[in-house]
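Enquirer: Position 374 (the sequence shown) corresponds to 374 in our numbering; numbering is contiguous.
Think of the hints as simulated: they come from the structure by calculation, not from any bench.
Among the hints, a few may not be true.
What the hints assert, rightly or not - 20 Å max Cα-Cα, derived SDA-like pairs, lysine to any residue: (1) Lys213 - Thr109; (2) Lys76 - Gln19; (3) Lys376 - Phe414; (4) Lys221 - Asn199; (5) Lys221 - Pro166; (6) Lys357 - Leu397; (7) Lys56 - Glu123; (8) Lys28 - Asn77; (9) Lys344 - Glu354; (10) Lys23 - Val75; (11) Lys217 - Phe276; (12) Lys137 - Asn199; (13) Lys376 - His387; (14) Lys376 - Asn410; (15) Lys28 - Leu58; (16) Lys137 - Ala299; (17) Lys76 - Thr109; (18) Lys76 - Asp32; (19) Lys274 - Asn216; (20) Lys302 - Ser173; (21) Lys189 - Lys56; (22) Lys23 - Thr109; (23) Lys189 - Ser173; (24) Lys221 - Lys76; (25) Lys132 - Asp300; (26) Lys76 - Asp6; (27) Lys56 - Ser96; (28) Lys411 - Pro167; (29) Lys357 - Asn338; (30) Lys358 - Cys320; (31) Lys132 - Ala299; (32) Lys213 - Ser96; (33) Lys376 - Lys411; (34) Lys357 - Ala343; (35) Lys376 - Pro166; (36) Lys56 - Trp82; (37) Lys221 - Thr275; (38) Lys189 - Phe276.
Remember, predicted model here, so these are calculated numbers, not experimental data.
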Amino acid sequence: MTESIDIEVILNTQSSISQDSIKIVIQKFLEDSNVYPNTVVSEFNKNEDYFSSLVKCLIIGSVSNSKEPNTRIDVKNVKINWFIYCLDPYGTVTSSDTDEEGGEITLATYLTLPSLELFTQWENLYYEDNIKENLLKYANTIMEFSNRGVNANIVSCNKVILLHGPPGTGKTSLCKALSQKLSVRMRHKYTSGLLIEINSHSLFSKWFSESGKLVNKMFTKIREACENENLLVCVLIDEVESLAHARDQCISGNEPSDSIRVVNAMLTQIDQIKTFPNVLIFATSNMTEAIDLAFVDRADIKQYLGLPSVPAIYQIYRSCLEELIRVQIVKSNFNLANTEIIAKGDNSGIELDETSKKLRNICEESIGLSGRTLRKIPFLAHALFIHTDSVDLDLYLEAMMQAVEKEHFNKKSFNTKK
Numbered sequence: 001m002t003e004s005i006d007i008e009v010i011l012n013t014q015s016s017i018s019q020d021s022i023k024i025v026i027q028k029f030l031e032d033s034n035v036y037p038n039t040v041v042s043e044f045n046k047n048e049d050y051f052s053s054l055v056k057c058l059i060i061g062s063v064s065n066s067k068e069p070n071t072r073i074d075v076k077n078v079k080i081n082w083f084i085y086c087l088d089p090y091g092t093v094t095s096s097d098t099d100e101e102g103g104e105i106t107l108a109t110y111l112t113l114p115s116l117e118l119f120t121q122w123e124n125l126y127y128e129d130n131i132k133e134n135l136l137k138y139a140n141t142i143m144e145f146s147n148r149g150v151n152a153n154i155v156s157c158n159k160v161i162l163l164h165g166p167p168g169t170g171k172t173s174l175c176k177a178l179s180q181k182l183s184v185r186m187r188h189k190y191t192s193g194l195l196i197e198i199n200s201h202s203l204f205s206k207w208f209s210e211s212g213k214l215v216n217k218m219f220t221k222i223r224e225a226c227e228n229e230n231l232l233v234c235v236l237i238d239e240v241e242s243l244a245h246a247r248d249q250c251i252s253g254n255e256p257s258d259s260i261r262v263v264n265a266m267l268t269q270i271d272q273i274k275t276f277p278n279v280l281i282f283a284t285s286n287m288t289e290a291i292d293l294a295f296v297d298r299a300d301i302k303q304y305l306g307l308p309s310v311p312a313i314y315q316i317y318r319s320c321l322e323e324l325i326r327v328q329i330v331k332s333n334f335n336l337a338n339t340e341i342i343a344k345g346d347n348s349g350i351e352l353d354e355t356s357k358k359l360r361n362i363c364e365e366s367i368g369l370s371g372r373t374l375r376k377i378p379f380l381a382h383a384l385f386i387h388t389d390s391v392d393l394d395l396y397l398e399a400m401m402q403a404v405e406k407e408h409f410n411k412k413s414f415n416t417k418k
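Use the sequences and the hints to build the structure in full.
Expert: Pasting the structure below:
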């Protein structure tokens, strides 16, 4: 089977140059360069002024059907799937309504896709077991079945993806990144995308029966967006348990009947909008036991995201350090070992250098920290333990170890006080 690779070409601005001409220029650049899978190329040689003025960056995907997935890409001998586009620079727009007292309620935020706000977010999320890639395949299959008109009463597909797991594991970020990636992959079908993030908490009103009306009003706006056949609509319900609270708990406890109305309204609305071929619903939850089983049953995919393992932690720290080296906060000409070597451990057959060993030791000490916390460690290391504007990598790693130890101490102290 022929090897293939996805290459995204992000342009600085819309260009009058044809896409075929752009492909020729970039193909030549790739043939003359050392290009590796799963990389972002954003720095170009000074003698490529024309190229750099046209292209913001290249995002190189993984090579499918490759026996050696991490080796240099032979561009001449792979099939390239091109995706050429610009990023929308305008950011989020708020959709609001008023309550019975005239106060403003934020129903949702709207983000045009692909967006500058989500630039390289997909590439900077790290999960094992091909979680990202499988989710993208799931989403693509859902949309393909929908576009082909597969009868959902025969082959069940509710177009709902539920990500669940402990706080700070990147569930919301992954949903947004997946929406962005899907809007790029489906440009042959949809000219643009729209991410609608529902503000779950604000849909609850202190006025009796008002919450169910707000949910219906929000989904009416979503349906209006879905009526544009050229628009891919991704709906994100963060902390879905706020809206889809288990009805049996509401009945057995002291929950007001308004909570039950909200759950009923949301389930009804989801059943209605799933009939549109251009919509996909994402939901996240930290508390799956609190979600109504009828919603859980509607989810085609239920993906658990746990706390990062050592290889995932290593990749997160490595990306943070590369960024700090880029802006010269950390001084180093040294290349840290690839994450694949860390993942294979002793089976890699490669002796780790001392600096990479030191970073791996920090990763082992970081077990139990969320992805959100891990990305703060380099900042905390600099703020608390570095007293100069720039520092050598080895000293910075020592500061990171101190920051990890302090984070564990603070976490333990907080839990003890509880």
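Enquirer: Find the hints from earlier in the document that the structure breaks and name them by number, from lowest to highest.
Expert: 5, 12, 17, 21, 22, 23, 24 and 27
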